[in-house]
Every structure is written in structure tokens, then in C-alpha cells.
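In order, the protein sequences belong to chains L and X. Quick note: the first sequence uses this note's numbering, first residue 416, plus one each step. Quick note: the second sequence uses this note's numbering, first residue -11, plus one each step.
Just so you know, not all the hints are guaranteed correct.
Stated by the list, open to error - Quick list of in silico lysine-lysine cross-link-like pairs, DSS-like style, CA-CA up to 25 angstroms:
hint, chain 1, residue 1, chain 2, residue 2
1, X, LYS236, L, LYS482
2, L, LYS574, L, LYS505
3, X, LYS334, X, LYS279
4, L, LYS444, L, LYS626
5, L, LYS592, L, LYS574
6, L, LYS424, L, LYS482
7, L, LYS464, L, LYS444
8, L, LYS424, L, LYS464
9, L, LYS574, L, LYS464
10, X, LYS279, L, LYS574
11, X, LYS236, L, LYS490
12, L, LYS471, X, LYS236
13, X, LYS236, L, LYS433
14, L, LYS622, L, LYS719
15, L, LYS505, X, LYS236
16, X, LYS236, L, LYS464
17, X, LYS216, L, LYS490
18, L, LYS424, L, LYS490
19, X, LYS216, L, LYS494
20, L, LYS464, X, LYS144
21, X, LYS279, L, LYS494
22, L, LYS766, L, LYS678
23, L, LYS505, X, LYS279
24, L, LYS424, L, LYS626
25, L, LYS678, L, LYS697
26, L, LYS505, X, LYS331
27, X, LYS279, L, LYS490
28, L, LYS464, X, LYS216
29, X, LYS216, X, LYS236
30, L, LYS433, X, LYS144
31, X, LYS144, L, LYS505
32, L, LYS574, X, LYS216
33, L, LYS494, X, LYS236
34, L, LYS505, X, LYS334
35, L, LYS505, X, LYS216
36, L, LYS471, X, LYS144
Calculated from the structure, these hints are not laboratory results.
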Amino acid sequence: MSDLIFRTKGLTVGYNGKPLIRDIEIEVKAGEILTLIGPNGSGKSTILKSVTRQLKILGGAVYIGEKDLMQISLKELAKQMSVVLTERMKPELMTCRDIVATGRHPYTGNLGLLSEEDEQIVDESMESVHVLDLQNRDFNAISDGQRQRVLLARAICQKPSVLILDEPTSFLDIRHKLELLSLLRDLTRQRGIAVIMSLHEIDLAQKISDKVICIKGETLARYGTPAEVFREDVIRDLYEIETGSYDPLFGSIELEKPEGEPKVFVLSNGGSGIPVYRSLQKDAIPFAAGILAENDIDCSVAEKLAAEVVKTPAFETISREAADRALQLVQSCETVIDAGLTIGETNQVLKTVLQEAERFGKLKKAAEQ
Amino acid sequence: MDNKQTTERIDLRKRRLRYEGVFALLIIAVCVITVLNINIGSVPISVKEIARIIFLREGDPTQMKIVWNIRLPRIITAAVLGGGLSLSGFLLQTFFSNPIAGPFVLGISSGAKLIVALTMIYFLQYVGQVSSLTLVVAAFAGSMISTGFILAVSSKLRNMSALLVAGIMIGYICSAITDFVVTFAQESDIVNLHNWSLGSFSGMDWGNVKMACILVGIAGVLTFLLSKPIGAYQLGENYARSMGVNIKLFRTALILLSSVLSATVTAFAGPISFVGIAVPHLVKRCLNTSKPIVVIPACFLGGAVFCMFCDLVARTMFAPSELNISTVTSILGAPVVIAMMIKRQKEKQ
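So that you can see chain X by itself, here it is in the shape it has in the complex (with noise of 0.2 angstroms):
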């Protein structure tokens, strides 16, 4: 028995270490590349630069423009997104207890991303503008239907794969929809709206930054204090019921939350692929365990990390022409998600 709780004892120890290394890694790369984001553009600015802008707020005035009122806000949002939405990506996950369940793939992101277009057409034709908050409620409003469609299927079919199909064209049918009314409102306000809605963190100002940070903060939070529930809850329905988690309020705050998050993404950046499914599952390897308490604030930290990067590469790989988000993260992403079902399908034989 000693010896047993002896080796146990070590073996926490090195959990422990590999936890704190991975948190310790994180960390540095969002410093890494939040400079590296800074420095790198169609006007280089050196890292020495970058601290005397940032931290004493003097230099040459058009840097300090382009850092204060281009570069930090869009590195901020590209962050504080790409986390909300790999945390939204766990909630789904855990929810149907599939891993490769994510607000792009069921539908979710495209559903927002519909009602958010319709929106927008909307206020620009009637009001002349619209508020980011308008743009976020109706991104929950798109979220919902598309989430509660998803339910109805799968309270019909317990198949997962059936699931994912079923998803997938959601977001298909909801794309159309969307690109069939983006091509005919062809006022020039709305031009904006086809590089919106092919995903991008371009043209962020610090309302934005506020207010995606509080939503995000908001919901980050939240979704860390579930951490209990969600871990009685890996181990499926039953179980948890049965260590007294109460199953439908749970599940209802999951559903709100998930939504919550990847509405926020898709109202200020568009629908963004395979973050929500790739950065949950590389961030559960490396920690090499799902406990939520530890997953959860790295899965956010790998979102940022993941799509400031992305962001990077989006921004400066064939400058002065910008990528679209997607298009990086989804290069990035899908051969992690096919990787894993690969290794998944091998785990079962």
C-alpha cells in the first residue's frame, strides 16, 4: 500500500508537470505571436517599437495609429474568438459525446451566419446602420434555430454519423441561402458583407474588442465553473444523474453556452471552421487527459494561440491580398480532424 501510494504520488507529480508545461507553452506562444503579429505587416514595426507604442504610448504617430487602431484590436479579437470558439467546440462535444461534434460541422456557425446576413441587408436598406450588439443577438437567434433543429434530429436518430450528415447540411442549406442573398443585394455597404461572410477578423475597433471580450469573459467563465458537471457528464447521462448533476438544466446550459460563444465569433468574424473540433482534441493530447478543469482554460488558450496564427498566416502569406480566415484554419484543422477519426478507427480494432 505505501509503495503503491508512493509511485501514485510520483505519477501526480508528473501530471501535474505536464500540465504546467503545457500551460507554460500556451502562454508563451500567445506572447510570441501577439509581437510577431504587431511587427509583421505592409508597414514592418520593430519589437523595440512595439514596447515603446505599447507600454509608453509614444513613437511615430502612423505606427502608433496602426498598432493602436489596426493591428492590437484585431489581434485581441482574433484571440479572444478563437478561444470562445474552441470553448464553444468542447461544449458541443460534450454534449453529444462525439469528438468531432463542432459549431461549423452541425450547422451551427452557418445557421448564425444567415440570420446575421438577413439582419444586416436589413438595418443597412431601412436604418442606414446597425449596432455589433443587433449583429450578435441575431447571430444567438441563428444559432438557436440551427441548434434546435440539430436536437430534433438527434432526439430522432441516436446515430451519430446520421447526426454529422444531417448537420452538415444545415450548414449547406444555410449557406446557399446566404450566398443566394448576398449576390442579390448588391448595395455597396453590403460588398463588405461577402468578405464577412467568408470569415475574417479585418476592420476590428475596440467596440468590438469590448464587447466580444465581455461576451466571451461572460461565457469563458461559466462554461469554467460547469467544470464539475461536465466531468460527471463524461461518463454519460446515467452516471451523472446519479452523482446528482441535474441532467436537463445541464444540458440547457451547455446548449446556451456553445451558442452564446460561437454567436459571438460568427457576428464579428463569420463562420470559422474545424477551430471548435481541432483545437479541443490537440489541447486534450497534449495534456494527454480530459479533465474539464484543466482542459477547459487550455482549450481557450489553444483557440487564441490557433487563431491569432491562422489570423498571421491569413494576413501576411500572399500580402498585400488577405486570405480569408477559414481557408487557413481549415488547412490547418481538417488533417488534425481526419487524423484523429484515423486513429479513433484504429483504437476500436
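Just chain L, same shape as in the assembly (with noise of 0.2 angstroms):
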């Protein structure tokens, strides 16, 4: 296929001629976003540094459209790919622009020389991603998140077909880590670039990304879409994830439940209870929650957090199991917990709940926790 910028084919990486991870089988099209993820030490640097020639390809081969990475020269690669490194580099009295201009170090003659074209291309560079602004600021004296948007520019003015980060987003808060992955998406799609990079935060990877590699052992663990990835037991077995678990609808990660006995019986639908399972949670006090809808958001919060969820099939009347289960936890529960329940045609029951708790004194309302 013609859109077809970046492929591997039996690639094998790793460090010192000894291989790390072997049969790389890779693809990524114009405009698509290819993530890495995996645990620290998984090889996703190696991929990456192997792809840009920092470290030597040890089989298989690499190719940027249809040339060999191995067969063009380190010039003519500059012209097809341009990197954001982890690595933090300290310039010495240089202003932003003069960081983003050097993205131009491919195309200028000899002596580097910038042409009126040059300077217009990192203008527009600086402008795309909202740092213009900054280009007399010397690179030293502007926060993470401003650094990482010059070093974008830069690499946006060095004109790629394909564009490597190495976990772009480790020194940035959420917010900065937010605003540079969709600046990123954007870029991607206006400009027909194929970005390959590494992500920590698997959640938003799964937002950001079309392509996942999962990388884990000696070959990749799972390549595909991130639907086809973002599997509560994919992500489970990838970072050997014990205490706490991983929700693949939401890509929230939520810490390890507290098991035992319910002491506590939380009665909410319609997200009302998440607030309260969270607090429990951290003071680990294991709870019941109920009497949920299959298809409640409070119910699948709950499974990852709650000792027990009393369940109902979704726009049915509540079943007979679930209300009987739920007037014995009544009985067994130290607290029963009204989080805010609405109560409708298809959960009457509930209010024979309400009643059942009131009677034992132990029912109290959210707001009272």
C-alpha cells in the first residue's frame, strides 16, 4: 500500500549483539499513531533507538517508505524521520528558537546558514504547536511542558514523513501531558505524519492511539488496535498487575479492593456510588454494593472495588435473588449506605430495602459519611 510509511520486517533489537526482543512485524500509515507500552526494561527505548539508528539493527530491516533504513544515508534519514528524546539537554545561552531552527540542520547548505525559507518554516513550526511566543526565551528558562512543545517544533521543522518520541510526556503533569498528545494527534492528522512512540500511561494511550504494541518477553506481546489490546487481561498480564486492576472501558486504573466479609452495604445506582466505594476503599473497609443493573457505571466500578455486588439484569424489574441477597446483607452489614438511589418503576424493591435498614437503625446517607 501506498500510504504505507514505516514497516518492520523481522526485526530483531537489542543491546551488545545480544537480542532483547526478536520478529518485530510493524506497520504504521500516514496520519496514524503507533504506541509502545509495556513495564520499565521492557525494550520499548530499544525499539525505538534501533528504528533511528542509535542502536545497530541486529536482523531483519527497517523500512521508511520503500527504502532500507540501512541503505540511506544518515542525511537522507534526517529527511524522513526527526526524534523527542528523554534524554535532557542543557544548551548553553540558546533561545527556543535557535532549538527548533536546528531542525533545519538536514536542508541548509555548509555552514548552516537559514534561508527566508528556513525562518518562515520554523515560524510556522513554532506556531503549530503555540510557542512562538517563547522563541526569544533562552530553552534553559521555560517550564517541562513549554520544553517539550519547542523540542515538538523542532521536530516538526525538520519535516518528517516519521516522527519518534521516547515517552514525550514522563516530566509533564496531566494537564501538559494532555495538551501535548492532542496537539500531537492533530499534527498527525493535518500534516499525514506517522508518529511511533512510547507511552507510560496506558490510559491515554488507549485514547490517543490507532496502533498498540505491547511489549513484554522476547517477542511483542500484542500488537493491534487499541480495542483489540486494552483488554482488562491483556493489561493485567503485560505489567503483572496484583494489587489493583485496570478497567478497559474507561482506561481507569483503580487500586487493589479490600477483601473479606462486607462490613459496609452501599446502595446507589447511576454513578452515585463511586464517590462512597472510593472512600471506603481507602480506608479499607470491605463493602457490598447493590442492587445494581448490569448496565450501571456504578456496577462495573463496583466489581473492582467491592467485596460483593448484588446484580440485576439491566431494564428488568430487580429478581428475586438479588432483593432476597440484599435484605440478608441488611442484616449482615454493620452500615447500609444510601448514596443517592433513584428509585423508578423497575427498582420498587429498593424501598423495602430502605425501610428494612431504617428499622435496624443502620441506614445512613452519604452526605452523613
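Need the complex rebuilt from these two chains, each delivered in its own frame; the hints are there to steer you.
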């Protein structure tokens, strides 16, 4: 296919001649974002270093367009591929504009003087990531978020068809992470650049990527679209998560649930229970949650956090068994919390449950907690 | 956008003006110090006389001799070697990405000094004379030995201060051996060696001037031609590679050029301290940039001014006795380096 910009064939990468990951087969098209995820030390950087020729490739081949990466000159490669690296540079007395302008390096003459056209490309690159007003500031005097954007502008200024970023969000707070990634998303789409990057934040990776690679062990653990990769079992296995869980629907991560006999019974629906669940979890109090329709947002969170969930099929009147179990829990738990119930046609039985709890003197409103 | 572009243009113009100002000042300084250097001495020569002697080649025969055979060659070598030394420092700072690297602190000058001393003694003993080319080759060999050692250490130690300590130690070892050799070589010719080993621009003839100009000239031009990859390398090795710089070739070129430059200086004038660190630093501050394409020529001019001035002080301060050139460069250069380190530390906090 003609819009296939980057692909590898049986690529083997590693350090000092020792293979770390074998048989890597990746394909990235114009305008696509490919994200590498995996635990620390799994080899994300090794792959990125190999495809940028910082490390020797131990086997197989990498193609940029139709050309073999190892066959083209470094200068030719520089016109096809640019990078944003993790290493923190501390250039002396360089303005942000100076930094961005280094991106023109592969295009300038022997002395590296910028033409009028080069200057315009620098302007335009800085404008596109909103750093033009920083251009005369010293690069060492700006914030981490600004720095990453300037480096992104530098990479764009190199006019690549493939952009490689090694953990671009590492030093950033959440606002700047989102800002950087959405910029990246726009740039990729607008300019038809193929992006390959590694990310630590699996929640963000799920949302920004077109394709995801999980790296663990000798071969790629998994390679596919976010929908194929971001499954609870895959993520749990990839990161060997033992003390918590991952929700593939929201891409959220939960801490380990408090195990044991439920001491508190939380009654809620439509999301009202979630803050109560979290606060109980923080205090390590095992709790039960109910009576939740299977499609309720509370239900999917409760399954990660509650010791027991009383469920009932969606859009139907609460089942007999569920009602019975709820009444039992009212008796066995020390406290029953009404976290904000909405009662309608199908869940009339909850009124009975509330009355029962009231009768035992166990009922509390969430606000009283 | 338009507004931003106009402010940018203004800024570019300001920058250019600053560069031009610094270069103009440096060139004026070169001229003034040259005249002062010819003017002041045990036989003072008036500016009018100087102009006549240099441009018309006529005047008092003794004064002609003093100017043409003694003062002029000395000034020119001081300028050329000073410029070379400053470039050599700039190259090493680029190579190690460390502003305190220089041929003297890394022991490269001392290595050159040792091999030159051994060569001199050998040649004077068994051949009777020694050509300046031989000395340059010997100095180059010495530089490369020290540099090789420093590179071997730097591949083991990623820590920059440890590298500097290693360099200073190499410097001490080489100086100690040189002193030892010089002390026990009591031939009358070798008495000169003692003066040389402390560093001095005295006793230069036109042959030396020519040789120094050719070597420093070639190395200087090549350095200037490297300004594009040097600019890329300032962002770090990996970024430079991603911009198409062949790192192995580039690093080799840096080391060879800086060694040729410092070897030339050492062969003619002995080891000279602190010029290689202080001058590039001051020049960058004045220009307020580290863009190699302006910094490299300014470093050369700055080094020339600095060394000519130091030589003037060395020659005239306690006339008729002369100071070693390193005595003066250290007194003027070391405080700059200390100030630079303190400022850096403050910036980190």
C-alpha cells in the first residue's frame, strides 16, 4: 500500500549484540499513531533506538517508505525521520527559536545558514504548537511543558514523514500531558506524519493511539488496535498487576479492593455510589454494593472495588434472588449507606430494602458519612 | 502572527547588531594591543616611528631590528597561538559537553610538553639541533597520548568532575616527569628548555611565525567549517545523529583538530593555562549565544587579544625581568573560571 510509511520485517533488536526482542513486525500509515507500551525495562526504548539508528539492528529490516533504513545515508534519513528524546538537554545560551531552527539542519548548506524559507518553516512550526511567543526566551528558562512543545516544534521543523517520540509525557503534569498529546494528534492528522512513540500512561495510550504494541519478553506480547489490546486480562498480564485492576472501558486504573466479609452495604445507582466506594476503599473497609443493573456505571466500578456486588439484569424489574440477597446484607452489615438512590418502576423493591435498614437503625445518607 | 514576526525581526536585528559590535571591539582591541606591544618595551618606539617602520620599512636601524626581528614575530605568534588555544578549548568543551574542559586542565598540554621536552633533549644531545616541525610533531604525539588516556577514562567514567580530576592528575604526572628530565639535563642549550616548559612567547623568529600561522590557520578554517555539525552536537549526540551528523567521524575530527591546535601552541610557547576555558566562556557571554558560526571566529580573535595582552603584561610589568606567560594567563583566567562555576551553581538552584 502506498500510504504505508513505516514498516519492519522480522526486526530483532538488542544491546551489545544480545537480542532482546525478536520478530518485530510493525506497519504504520500516514497520519497514524503507534504507541509502544510495556513495563519499565521491557525494551520500548531499545526498539525506538534501533529504528532511529542509535542502536545497531541485530536482524531483519526497517523500511521508511520503500527504502531500507540501513541503505540510506544519515542525512537522507534525517529528512525522513525526526525525534523527541527522553534525555534532558541543557544547551548553553540558546533561545527556543535557536533550538527549533536546528531542525532545518538536514536542509541547510555547508555552514548551516538559514534561508528565508527556512525561517518561515521555523515560524510555522513554532506557531503550530503554540510556542512562537517563547521564541526569544532562553531554552533553559522555560517550563517542562513548554520545553516538550519546543522540542516537538523542532522535530516538526525537520519536515519528517515519521516522528519518533520516546516517552514525551514523562516530566509533564496531567494538563501538559493532555495538551501535548492532543497537539500530536492534530499534527499527525493534518500533516500525514506517522508517529511512533512510547508512553507510560496506558490510559492515555488507549485514547490517542491508532495501533498499540505491548512489549514484554522476547517477542511482541500483543499488537493491534486499542480495542484489541486494552482488555483487562491483557493489561493485567502485561504489567503483572497483582494489586489493583484496569478498566478497559474507561481506561482507568483502580487500586486493590478491600477483601473480606462486607461490613458496609452501599445502595446506589447511576454513578452516585462511586465516591462512596472510593472512600471506603481508602479506609480499607470491605463493602458490598447493590442492587445494580448490569449496565449501570456503578456496577462496573463496584466490580473492581466491592467485596460483593448484588447485580440484576438491566431494564428489568429487580430479580427475586437479588432482592433476597440485599435483605440478607442489610442484616449482616454494620452500616447501610444510601449514596443517592433513584427509584423508579423497575426497582421498587429498593424501598423495602431502605425501610428494612431504617428499622435496624443502620441507614445512613452518603452526606453523613 | 504579523505582530510576532515584526518583534522577531527587531530581535534578529538586535542580535546581529550585538555580534557586529563584539567583532568590531575585538578587531579594534587587536590593533590597539598590537601597537601598544610594539610601542612599549626596554626601547620605547613611538607610534609614528612604528607606522614608518612597518609600512615604509625605513627608520633607525636598531629600531627596525627590534620591531622586525623581535617584537613583530612575537606579537604575531602570541596572537595566532592565543587564538588557536582558545579554539582548542572550545572544541574540547563541545566534545565533552563541559564548559570547564580545556587542553590545560585535561592534561593535554602537559602531555605535549613532556614529549616535546624528551624530543628536545634527545635531538640536542645526539643531533645538535631540532626543527620546529619536529617539535610540533612531538607535541602532537604527546597531545594524542594524553587525549587517548582521557578518552579511555571518559568511556569508563560518565562523571564529568571525575574526568577533570583525571585530567589534572595526568597533567601533574607529565609535569613532574618533565621537571625531572629537565633538572638532570644540564647541557647549556637545555637551560632554554626550562623557560620554555613554563611557557613564553619570547625568542620567536619568522620561521616559527610562518609555521604557527600555517598550522593554526588550517586547523582554524577546518574548525569554522565544522560549525554546522557543532551546532547540532550542542543538543547532544543522539539529536545530532538524528539530524544526519556522522558522530564517529565528527568526534574524531574534533579531537584531531583540538590536538593539532594545542600541540602547535605547546611546541612553540609551552603550556599556557586557562586561555582555553576563559576565552570561549567570555566570548559566549559577550555575544549572548553559543552559535558556533559566530562563536568560532570570535573565540579566535578573543584568544588573540587575551594572549597579546597577557604577553604585554608578562614582558613589561617587571621589566627587565619577564614573567612566564602562564603566570599572567592564570591570574587573569582562573578567576573567570571560578566565577563561571559559581554562576552555574546558582543557575542550577
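Find the hints from earlier in the document that the structure breaks and name them by number, from lowest to highest. Hint check: nothing fails, all pass.
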